[in-house]
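Number of protein chains: 2
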Amino acid sequence: MDYYGYRGFIARILSSLGLEPGDYVRIIKSNGLVIEGILLPRYSLVDEPILVVKLKNGYNIGIRVDESDVLEKIGRVERGSPGAPVPLAESIEVGDKHVFILGCGGTVASRIDYETGAVKPYISPEELTLSIPELLKYASIDAEQLFSILSEDMKPWMWSKIIDETAKIISRGYDGIVITHGTDTMSYTSAALSFAFHRGLPVPVAMTGSQRSSDRPSSDASFNLVAATLVASNAPFAEVTVVMHGESSDTYALAHRGVRIRKMHTSRRDAFHSINARPLARVWPYDNRIEILDWNFRKRGDYSLAVDNGFDEKVAYIKHYPGPIAEIIDILVDKGFHGIVIEGTGFGHVSSDAIESIRRAVESGVPVVVASQTLFGRVNLNVYSTGRKMLEAGVIPVEDMLPEVAYVKLSWVLARTRDLKDVRVMMQANIAGEMSLRHDLNLYPRWVYE
Amino acid sequence: MDYYGYRGFIARILSSLGLEPGDYVRIIKSNGLVIEGILLPRYSLVDEPILVVKLKNGYNIGIRVDESDVLEKIGRVERGSPGAPVPLAESIEVGDKHVFILGCGGTVASRIDYETGAVKPYISPEELTLSIPELLKYASIDAEQLFSILSEDMKPWMWSKIIDETAKIISRGYDGIVITHGTDTMSYTSAALSFAFHRGLPVPVAMTGSQRSSDRPSSDASFNLVAATLVASNAPFAEVTVVMHGESSDTYALAHRGVRIRKMHTSRRDAFHSINARPLARVWPYDNRIEILDWNFRKRGDYSLAVDNGFDEKVAYIKHYPGPIAEIIDILVDKGFHGIVIEGTGFGHVSSDAIESIRRAVESGVPVVVASQTLFGRVNLNVYSTGRKMLEAGVIPVEDMLPEVAYVKLSWVLARTRDLKDVRVMMQANIAGEMSLRHDLNLYPRWVYE
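In order, the protein sequence lines correspond to chains A and B.
If you count the first sequence from 1, position 296 lands on 375 in this note's numbering, and the numbers rise without skipping.
If you count the second sequence from 1, position 157 lands on 236 in this note's numbering, and the numbers rise without skipping.
It should be emphasised that the hints constitute simulated quantities derived from the structure, not laboratory data.
One should not assume that every hint holds.
One copy or two, either will do: identical chains are not told apart, so a pair holds if it fits within one copy or between any two.
Stated by the list, open to error - With a cut-off of at most 25 Å between alpha-carbon atoms, the simulated BS3-like pairs for lysine-lysine come out as follows:
#1 Lys135 x Lys216
#2 Lys393 x Lys414
#3 Lys468 x Lys234
#4 Lys378 x Lys135
Work the whole structure out from these sequences, hints included.
In structure tokens form, the structure reads like this:
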């Protein structure tokens, strides 16, 4: 049954209530959310239980409904009557693109719990869209909540679910995807998506979040979401990016490559920065402007969808420090971890007494990958005697890759092969822009002490 | 026996050879180093086997000798004769301060090993002083090699040896101490010294190192050593600092507080930066100028020497990541670690499934301290539900303290008390400037992408 483009139970309900496009409807969702607007015909793009209404502010919105939601007719407005909504073209130019917002929790979708005073994630993407109508300037929005967690709880199996869901959404033909996610581990998830989609992403995937919850006046949720929607709908690059405030004021956002990003501050709006790389673009969300900073990107539409999903959950990620690091490596190997990423000191060093433990790990088939805890710069194990001994023991140095990204990548690689030679080749190949051969000096931030 | 201020075997050798101040002498050290100069009387400050000679370039230098070194008279120059050295006052003004350089290895005291091509640490502080006569502009230099290791091999028991040695040197009355150290773990050692001397440091302890070995033309060893010597001899503050290049060019160095510093780049000269704090001073080594940036310091001479040495070697320092962090915490507790420092995500979070492991750790007497992997900003466990549960489980959040410093501090605290209440009080007290109540916004670097 097709009823003005609607199918399934929505088509049945609409026809049984005699509702038609042009009717004022009230939707009372089972979570208490009430939305009123004028019923519109369904976009035919996706076959999802989504009802499309035009809100009083002139925007169109897709509302996910289920059979327990209540739908009422509250009137009908004839074209031209005083109560009729302003025709679309005369109100605000609604973007002709289609963007899907996939909600994965985090502060961007959270509110203060007035019982405990703490912040909990429980706003649906639809509620978000309703509260930020500027989103619709660039695209019509469909939305779905996949997880409602704080991102410290994110695990590799959840990356896989996000990747599967993203692939499904892309295959339906959207112009881009926005993924809302907690900021704490957003960079781990963005790296996971980058590797999983490295062979084929036809449209942009823009992850975003916020440092302050969306019901606080100082929230950055709205700014970031609009910027991410602009990237998803209109960016020329089809890459996994993290789109967040570029400065603390509401000027521009930055679209960072998913494998180059790090949260560098606990609370600032401009906490996210690219390390050892230039962001892909500067994004002015209220100005419909995307300024490309790195032209070496994969173009929208150049690749068709290809997914390489799956992560090994038994990977250890440790930081080298002056303590009993050899003992810790031994324990991890004995406990059956499949791989170890070490944040070495400086050029990627470990203490000499840990080299035997590394050799033992490698000999028992556990790859040991080394990045640097300095974050900036490049691992180089050829300069000092320690490094040469580490190489001889079998470590895999990973150039200028961020240690967090090395961890995500090793988890991804180990889900494809456990063969040490293959692991080495894959870890040292630049798969999703996670490494580069050289940097210019400007990639180091300016440390100004005033 | 006192022979022109010399004592012990040096006095015996000098008198048996009939050597007197004014004689040209050649010292052939057992490591092959040959030094020629005019014998001077010994400064009476310390009772050490040090021979003082005036070099051809007009500088005075103290050379540590032992009984296996060969000492020869190669001539005597009468005052006023053509071969006589230029009198001190007419050549270069040698500083009237006394500085001790304590060598602990690292690149600053390393050379390329032409056999393997790698860099190994084996230059003595005396050789360093000889090759950098500018040091003597600020002070007469005595020197000693305590360790000749690369700093990735530094362990807490070595911190203790450095601290003991530093205390001995201070008690002899020097105006300041320079400690040369590898850059990889210098910030850990500087934090250890800061805690051990928090109750009383009468003179500056300036740690320094270099990112490129001193026999390379691009070495920063000379610049950094001169800057550190200027701080040790003349700074108004008696604190443990790390003195390193402030910019990549040879303009100024920065004197960072030992508990606020981090190596942020694998190879740049300006790799060291203060996090969440202003450096104590900007230092122009070739210009005899120290510009104070933070006036809230402990003044030279305000405190008499007091040492609080000793570190627990059984402390784990881990980084939170989306993997099996609960399992790792359980393992560490089972393996008998005395304390755990976690680099949490964002405001200091761990995943919900790790909270039970933390509770178990705390209940079995293992303190769990939380800092943030973002490095910048401040831990706050009151904002999100996860944080509140962590507090309830007994974690100790440590404000804006760097995670590396939290690890050093917990090692130091656990060597004083294992009582959880006392550990909490000490970890949360600002002991050596490792925490501050508030920051101004300028403490975040400028991220410029050009």
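Quick rundown of the hints versus the structure:
1. Lys135 x Lys216: within (15 Å within a copy, 78 Å between copies)
2. Lys393 x Lys414: For Lys393 and Lys414, the Cα distance is within 25 Å both inside one copy (10 Å) and across copies (19 Å).
3. Lys468 x Lys234: between (34 Å within a copy, 19 Å between copies)
4. Lys378 x Lys135: Neither, since 37 Å and 67 Å both go past 25 Å.
In terms of the numbered hints stated before, the structure departs from hint 4 and from no other.
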